[in-house]
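Chains as they are written, first to last, in numbering that gives the first Met the number 0: chain Y, 0 to 550; chain Z, 0 to 288.
One or more hints might be untrue.
A few chain Y residues that don't get close to chain Z, going by computed Cβ distances all over 10 Å [stated by the list, open to error]:
1) Thr-147
2) Ile-151
3) Lys-199
4) Asn-228
5) Gln-237
6) Asp-298
7) Gly-451
With a Cα cut of at most 20 Å, we get these calculated EDC-like pairs of lysine to aspartate or glutamate [stated by the list, open to error]:
8) Y:Lys-387 - Y:Glu-202
9) Y:Lys-199 - Z:Asp-154
10) Z:Lys-276 - Y:Glu-202
11) Y:Lys-199 - Z:Glu-254
12) Z:Lys-229 - Z:Asp-253
13) Z:Lys-216 - Y:Asp-408
14) Y:Lys-285 - Z:Asp-253
15) Y:Lys-199 - Z:Glu-270
16) Z:Lys-216 - Z:Asp-185
17) Y:Lys-236 - Y:Asp-172
18) Y:Lys-285 - Z:Asp-154
19) Y:Lys-197 - Z:Glu-132
20) Y:Lys-348 - Z:Asp-154
21) Y:Lys-97 - Y:Asp-408
22) Y:Lys-549 - Y:Asp-174
23) Z:Lys-276 - Y:Asp-338
24) Z:Lys-216 - Y:Glu-194
25) Y:Lys-285 - Y:Asp-255
Now the in silico label distances, taken between C-beta atoms and shown as ranges [what the hints assert, rightly or not]:
26) Y:Gln-37 - Z:Leu-251: 52 to 62 Å
27) Y:Glu-425 - Z:Glu-270: 37 to 47 Å
28) Z:Glu-218 - Y:Arg-406: 57 to 67 Å
29) Z:Met-97 - Y:Ala-30: 33 to 43 Å
30) Y:Asp-424 - Z:Glu-218: 41 to 51 Å
31) Z:Glu-270 - Y:Pro-474: 47 to 57 Å
32) Y:Arg-406 - Z:Asp-191: 37 to 47 Å
Rather than coming from a laboratory, the hints here were simulated on the basis of the structure. We put the beta carbon where it would ideally sit given N, CA and C, even for glycine.
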Amino acid sequence: MRSVASLVGAAAAGAVVLAAPQAVLFRDITAEAGITFQHHAAPEKKYIVESMSGGVALFDYDRDGLLDIYFVDSLTVATAKDPTAARSALYRNLGNGKFADVTDKSGLAHPGWGMGVCTADVDGDGWEDLYVTGLGKNRLYRNNHDGTFTDIAEQAGVAGGGWSAGCGFADYDRDGRLDLFVSRYVKIDLDHLPEFGKDKTCEYRGIAVQCGPRGLQGESDFLFHNDGNGHFTEVSKQAGVSDPNGYFGLGIAWFDYNGDGWPDLYVANDSTANFLYRNNGDGTFKEVAFPAGVAVSEDGAEQGSMGVALGDYLNTGRPSVFVTNFSEEYNALYRHDGDHFTDVSFSSKTAPSSLPFVGWGTAFIDYDNDGLLDLVVVNGHVYPQLDKVRLGASAGYRQRKLLYHNRGDGTFDEVAAQYGRVMMDERVGRGLAMGDLDNDGRLDLVVNDLDGVPEVLHNELTDRGNWLLVKLTGPRGNTDAIGAVVTARAGAVAQTRVVQSGTSYISQNDMRLHFGLGSAAQVDSLDVRWPDGTTSKLTNVKVNQIIAIKR
Amino acid sequence: MRRASAPTLLLVIAVAHPVGGGVPAQAPDVAASSVRELLQTARDRMQSGDRPGALESLGRARILAPNSEEVLSAFAQVSLAARMLVPAITTLDALTRMCPTVPQYHYLLGVALMEGGDMPAAIESLQRADRLEPERSLTLMALGLAQNSRKQYSDAKRALLHALDLEPENIDALAALAEAEAGLGDLAPAEDHARRALARANANPTANLVMGIVLMKRERYAEARDALGKAIAANPDSPSAHYQLSLAYARLGDEANAQRHVQLYQQKLREAEERMKTLRTATSSERPR
Numbered sequence: 000m001r002s003v004a005s006l007v008g009a010a011a012a013g014a015v016v017l018a019a020p021q022a023v024l025f026r027d028i029t030a031e032a033g034i035t036f037q038h039h040a041a042p043e044k045k046y047i048v049e050s051m052s053g054g055v056a057l058f059d060y061d062r063d064g065l066l067d068i069y070f071v072d073s074l075t076v077a078t079a080k081d082p083t084a085a086r087s088a089l090y091r092n093l094g095n096g097k098f099a100d101v102t103d104k105s106g107l108a109h110p111g112w113g114m115g116v117c118t119a120d121v122d123g124d125g126w127e128d129l130y131v132t133g134l135g136k137n138r139l140y141r142n143n144h145d146g147t148f149t150d151i152a153e154q155a156g157v158a159g160g161g162w163s164a165g166c167g168f169a170d171y172d173r174d175g176r177l178d179l180f181v182s183r184y185v186k187i188d189l190d191h192l193p194e195f196g197k198d199k200t201c202e203y204r205g206i207a208v209q210c211g212p213r214g215l216q217g218e219s220d221f222l223f224h225n226d227g228n229g230h231f232t233e234v235s236k237q238a239g240v241s242d243p244n245g246y247f248g249l250g251i252a253w254f255d256y257n258g259d260g261w262p263d264l265y266v267a268n269d270s271t272a273n274f275l276y277r278n279n280g281d282g283t284f285k286e287v288a289f290p291a292g293v294a295v296s297e298d299g300a301e302q303g304s305m306g307v308a309l310g311d312y313l314n315t316g317r318p319s320v321f322v323t324n325f326s327e328e329y330n331a332l333y334r335h336d337g338d339h340f341t342d343v344s345f346s347s348k349t350a351p352s353s354l355p356f357v358g359w360g361t362a363f364i365d366y367d368n369d370g371l372l373d374l375v376v377v378n379g380h381v382y383p384q385l386d387k388v389r390l391g392a393s394a395g396y397r398q399r400k401l402l403y404h405n406r407g408d409g410t411f412d413e414v415a416a417q418y419g420r421v422m423m424d425e426r427v428g429r430g431l432a433m434g435d436l437d438n439d440g441r442l443d444l445v446v447n448d449l450d451g452v453p454e455v456l457h458n459e460l461t462d463r464g465n466w467l468l469v470k471l472t473g474p475r476g477n478t479d480a481i482g483a484v485v486t487a488r489a490g491a492v493a494q495t496r497v498v499q500s501g502t503s504y505i506s507q508n509d510m511r512l513h514f515g516l517g518s519a520a521q522v523d524s525l526d527v528r529w530p531d532g533t534t535s536k537l538t539n540v541k542v543n544q545i546i547a548i549k550r
Numbered sequence: 000m001r002r003a004s005a006p007t008l009l010l011v012i013a014v015a016h017p018v019g020g021g022v023p024a025q026a027p028d029v030a031a032s033s034v035r036e037l038l039q040t041a042r043d044r045m046q047s048g049d050r051p052g053a054l055e056s057l058g059r060a061r062i063l064a065p066n067s068e069e070v071l072s073a074f075a076q077v078s079l080a081a082r083m084l085v086p087a088i089t090t091l092d093a094l095t096r097m098c099p100t101v102p103q104y105h106y107l108l109g110v111a112l113m114e115g116g117d118m119p120a121a122i123e124s125l126q127r128a129d130r131l132e133p134e135r136s137l138t139l140m141a142l143g144l145a146q147n148s149r150k151q152y153s154d155a156k157r158a159l160l161h162a163l164d165l166e167p168e169n170i171d172a173l174a175a176l177a178e179a180e181a182g183l184g185d186l187a188p189a190e191d192h193a194r195r196a197l198a199r200a201n202a203n204p205t206a207n208l209v210m211g212i213v214l215m216k217r218e219r220y221a222e223a224r225d226a227l228g229k230a231i232a233a234n235p236d237s238p239s240a241h242y243q244l245s246l247a248y249a250r251l252g253d254e255a256n257a258q259r260h261v262q263l264y265q266q267k268l269r270e271a272e273e274r275m276k277t278l279r280t281a282t283s284s285e286r287p288r
């Protein structure tokens, strides 16, 4: 062993190489912003229902032009009978880097055993409403325009039941009104829970863990058709999206994958094949995930899928699909090749680094505004007991994030370690939402952590490109223009974005569309294809601004 | 899930004798002659192709000498040859505990776990075997196969290149190397190695599967369909080959066949899961979710 003196001598001689200073990308501003929310979870996660929450939403509930944050909290088996034991939270963005907890006034504190969240102006009054999924009844919180919300789920017919997870609004029948899809996970009876570690199906690497989802019965899914009179009708069976076999539904994404103007639907299912429902344009859908190539992994394995992100990462005008999965599987990148998708997870170099992690929230995010969509994933295992056993190739219970920089040639570099503690800290990530919290043109991230305080990560990258943020306003019935497709052309590059309600892992991104523009001095043309098929076009648009476009 | 190739297993069971280095046989003296006779009977029956008869003799020998390494080793290897995975795995698991420094038992356990589809556990066993006895091409090849199935393509490629250094003519290693390269997206070397494997064994299921995958990525769907058909002919139980073939038919616009192979894929997948479930229930080894 070397002596202390020799080590000191070596250091003095400059022989010890110090780590290079790390660039700042995201800074954790949670505490200084005044965010004190804490997600509740049973420490041992003895039941699957204690390990899957929760989502996070970025939306502007008070129409002041600033994104506010809603975190979903969950109960535990021990607190199940006390809805106040969980406190979801709404934070109002004050615009000076601070947020105010306005939960109590808002009436959003206690949705019950919360899971996910999505937003939309459901009643077309120009104010964002909130849909919260969970175990038991879901909530549709109507925005009262005064900082308060009223749960109208029962009267609107969208309360559902069972264990709901993902949600998203879209006008699937193009009648001008927003409909709602809700994925559901596992049938759970809190009075008859599967016994922790009871048999071999409730073991992981030889130790007792929670049971499921395999071995448990899955739940069907819901599609609520907006009747236009404040009421919705559940039409999943007629529409062909009910999932009668009860796959374990989690993250969802509405998008028009085949460009026919009708919203299609992707559903990430845990431990079972994923769904891609092609909209037939007549109120029905056909499930085409297998022939489209987005159902399972490249070698035909059903993966434990959690979250979904859509992104035109190749700037071809076609959104590809990224799906986060369980550990020792890989996160799947399905490249959109026109009439089908190709699993390019390994050739894009995103898969290998994902194998040790259980992935959840995810987003295509151009974090450096270079005009190429990058990728972020938050991770965390479901078994705290994992830390008691040797891990092999897998990470432990708490896991770091993954950040992929788009190289522009169809491949990505995993660069989280370049950006220090914020990306490398081991957490138990679940919901992830992306948006520009301070309207500075750089996309920020907000993460809901199953076991503790969330993370509000402010983008502070100094070496970045120009940008444009597009806020669409559609006609009454779909004022958010959900489903609209915007293409920004600058020079030879055309980038495409889609307005989405509900994405990532049971979360809601900023619905404004962000374009990183690199050194482009202007956007030559900005084309909008509205959900009703009409189009708008702007030319010679100034960069580094938030532009509002009204239909 | 991949299955260990037949040549591997033939080599595996060629020596149904103890390999030494472990706990001495503890059969009681009074039973020793009977045990020897039963072992000899088992060998004779194996040579005449009577695996059930051999197992019956070995089962009786086990009753007489339950801690005999020689008996357990023979029982495990014959069970493995007969694809009776649960007794093979449980016996090999016991042998690796009794004789932890014997690489052959770790290797055999790894192969048995691969056959059962428990790849993470198989990789651990094979890595132990490799540590105990480096530079053994069979172990390296099995490790590469298992790592391929866990998508650890870089590790698999390393192991398989090493195996081919030691045994350049090994067609299964060559095909598995092609699979690793295809997994990594290195299509040109994958195609080259798959073609080389097929030149020597045109029915090799892995090489045909890799050719199918490579041709799919090159959008040569009719050729991919043909290669995948050959892969399935050689290994009808492969969910992966059925899945890829369903994609090939879908790209060719043959919806009926695409759907038929999705159903076959799902059936093979369920069968594989049932095998895993049986293993999980019957064995005490560590198992993944």
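Okay, the hints, checked on the actual structure:
{"no.": "1", "hint": "Thr-147", "verdict": "holds (43 Å)"}
{"no.": "2", "hint": "Ile-151", "verdict": "holds (39 Å)"}
{"no.": "3", "hint": "Lys-199", "verdict": "violated (4 Å)"}
{"no.": "4", "hint": "Asn-228", "verdict": "holds (40 Å)"}
{"no.": "5", "hint": "Gln-237", "verdict": "holds (22 Å)"}
{"no.": "6", "hint": "Asp-298", "verdict": "violated (4 Å)"}
{"no.": "7", "hint": "Gly-451", "verdict": "holds (24 Å)"}
{"no.": "8", "hint": "Y:Lys-387 - Y:Glu-202", "verdict": "holds (13 Å)"}
{"no.": "9", "hint": "Y:Lys-199 - Z:Asp-154", "verdict": "violated (29 Å)"}
{"no.": "10", "hint": "Z:Lys-276 - Y:Glu-202", "verdict": "holds (12 Å)"}
{"no.": "11", "hint": "Y:Lys-199 - Z:Glu-254", "verdict": "violated (39 Å)"}
{"no.": "12", "hint": "Z:Lys-229 - Z:Asp-253", "verdict": "holds (18 Å)"}
{"no.": "13", "hint": "Z:Lys-216 - Y:Asp-408", "verdict": "holds (17 Å)"}
{"no.": "14", "hint": "Y:Lys-285 - Z:Asp-253", "verdict": "holds (17 Å)"}
{"no.": "15", "hint": "Y:Lys-199 - Z:Glu-270", "verdict": "holds (18 Å)"}
{"no.": "16", "hint": "Z:Lys-216 - Z:Asp-185", "verdict": "holds (11 Å)"}
{"no.": "17", "hint": "Y:Lys-236 - Y:Asp-172", "verdict": "holds (15 Å)"}
{"no.": "18", "hint": "Y:Lys-285 - Z:Asp-154", "verdict": "violated (40 Å)"}
{"no.": "19", "hint": "Y:Lys-197 - Z:Glu-132", "verdict": "violated (38 Å)"}
{"no.": "20", "hint": "Y:Lys-348 - Z:Asp-154", "verdict": "holds (15 Å)"}
{"no.": "21", "hint": "Y:Lys-97 - Y:Asp-408", "verdict": "violated (39 Å)"}
{"no.": "22", "hint": "Y:Lys-549 - Y:Asp-174", "verdict": "holds (19 Å)"}
{"no.": "23", "hint": "Z:Lys-276 - Y:Asp-338", "verdict": "violated (37 Å)"}
{"no.": "24", "hint": "Z:Lys-216 - Y:Glu-194", "verdict": "violated (45 Å)"}
{"no.": "25", "hint": "Y:Lys-285 - Y:Asp-255", "verdict": "holds (14 Å)"}
{"no.": "26", "hint": "Y:Gln-37 - Z:Leu-251: 52 to 62 Å", "verdict": "holds (54 Å)"}
{"no.": "27", "hint": "Y:Glu-425 - Z:Glu-270: 37 to 47 Å", "verdict": "holds (38 Å)"}
{"no.": "28", "hint": "Z:Glu-218 - Y:Arg-406: 57 to 67 Å", "verdict": "violated (23 Å)"}
{"no.": "29", "hint": "Z:Met-97 - Y:Ala-30: 33 to 43 Å", "verdict": "violated (56 Å)"}
{"no.": "30", "hint": "Y:Asp-424 - Z:Glu-218: 41 to 51 Å", "verdict": "holds (43 Å)"}
{"no.": "31", "hint": "Z:Glu-270 - Y:Pro-474: 47 to 57 Å", "verdict": "holds (53 Å)"}
{"no.": "32", "hint": "Y:Arg-406 - Z:Asp-191: 37 to 47 Å", "verdict": "violated (26 Å)"}
Hints 3, 6, 9, 11, 18, 19, 21, 23, 24, 28, 29 and 32, counting from the list given before, are not met by this structure.
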